[in-house]
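Trainee: Quick note: the sequence shown uses our numbering, first residue 9, plus one each step.
Honestly, the hints are just simulated from the structure, not real lab data.
Treat the hints loosely; a few may be bogus.
[To be verified] Simulated DEER-style distance windows between Cβ atoms:
id : residue 1 : residue 2 : range
1  : Ser78     : Ala37     : 16 to 26 Å
2  : Val139    : Thr54     : 39 to 49 Å
3  : Ala37     : Leu167    : 22 to 32 Å
[As the list claims (entries may be wrong)] Result set (DSS-like, lysine-lysine): computed pairs, CA atoms no more than 30 Å apart in a straight line:
id : residue 1 : residue 2
4  : Lys83     : Lys183
5  : Lys218    : Lys51
6  : Lys153    : Lys83
7  : Lys51     : Lys185
8  : Lys153    : Lys218
9  : Lys120    : Lys51
10 : Lys183    : Lys51
11 : Lys120    : Lys96
12 : Lys76     : Lys96
13 : Lys83     : Lys96
14 : Lys76     : Lys183
Note that the structure is predicted; figures quoted are calculated from it, not measured.
The beta-carbon is built from N, C-alpha and C at its ideal position, and this holds for glycine as well.
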Amino acid sequence: MLPAESPEVLWILILAFIVAFILAFGLGANDVANSFGTSVGSKVLTLKQACLLATVFEIAGAVLVGYKVSDTIRKGIIDLVIYRDAEKELMLGNLAALIGCAIWLLTATFFKLPVSGTHSIVGATLGFSLVARGANGVQWATLFKIVGSWFVSPLMSGLISVVLFMLIRNFILNKEKPLEPGLRALPLFYSVTLFVNVFSVVHDGSTILKFDLIPLWGAVVISVVVALLSGFLVAIFLIPRDRKSVV
Numbered sequence: 009m010l011p012a013e014s015p016e017v018l019w020i021l022i023l024a025f026i027v028a029f030i031l032a033f034g035l036g037a038n039d040v041a042n043s044f045g046t047s048v049g050s051k052v053l054t055l056k057q058a059c060l061l062a063t064v065f066e067i068a069g070a071v072l073v074g075y076k077v078s079d080t081i082r083k084g085i086i087d088l089v090i091y092r093d094a095e096k097e098l099m100l101g102n103l104a105a106l107i108g109c110a111i112w113l114l115t116a117t118f119f120k121l122p123v124s125g126t127h128s129i130v131g132a133t134l135g136f137s138l139v140a141r142g143a144n145g146v147q148w149a150t151l152f153k154i155v156g157s158w159f160v161s162p163l164m165s166g167l168i169s170v171v172l173f174m175l176i177r178n179f180i181l182n183k184e185k186p187l188e189p190g191l192r193a194l195p196l197f198y199s200v201t202l203f204v205n206v207f208s209v210v211h212d213g214s215t216i217l218k219f220d221l222i223p224l225w226g227a228v229v230i231s232v233v234v235a236l237l238s239g240f241l242v243a244i245f246l247i248p249r250d251r252k253s254v255v
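Take the sequences, apply the hints, and build the full model.
Mentor: This is the structure we're talking about:
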């Protein structure tokens, strides 16, 4: 097994580090633009505000919950056992996957095509493993789960969007004076959103931050407390300010 500081592979690590920054640029130009496109298009956020929020929360998401997806990409798609004593080949393959993904994201962005960074890196990783080790190098069960999620995700997000819009239309937009019911609903929207976000971070969370030591009931309690506190703060500070700014 090659030591991590071996000069034979150190150049691969350095080059991968540089390519990772280029890939991150492509992700920001495409994936982040997809996420904030509706907010900027509806003028909820300015372009500057969207960039600032993306900078903060993309980093926070990567640090707090990104390791789960990274772990799947790192060892869930390809079978690492067959690369034992071939670490340099594995590193070169992953470097090729990074370069291929970065080139595709930048190319798609140039042609104004909204694409997925996840699809790109999964395809690139799969491609190098098929070339290096053939079909035996792929963990097909995990790959099928990932590909299946690509079909389930738009269906589920579309269904949730339909349900939410119907509720908002019936209980807020169709009212004679939609402003007041809309303001009253803000604490609920903030609370539910933060409950989901906090629970996803705390439950079975980052081992580096020791979140994995928090039991299920602890994650639920923390999420509920944060949700209730956010709803309270919105009701006390945000709603009066919004009411004055609109009226």
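Trainee: Could you check the structure against the hints above and give me the numbers of any it violates, in ascending order?
Mentor: 4, 5, 11 and 14
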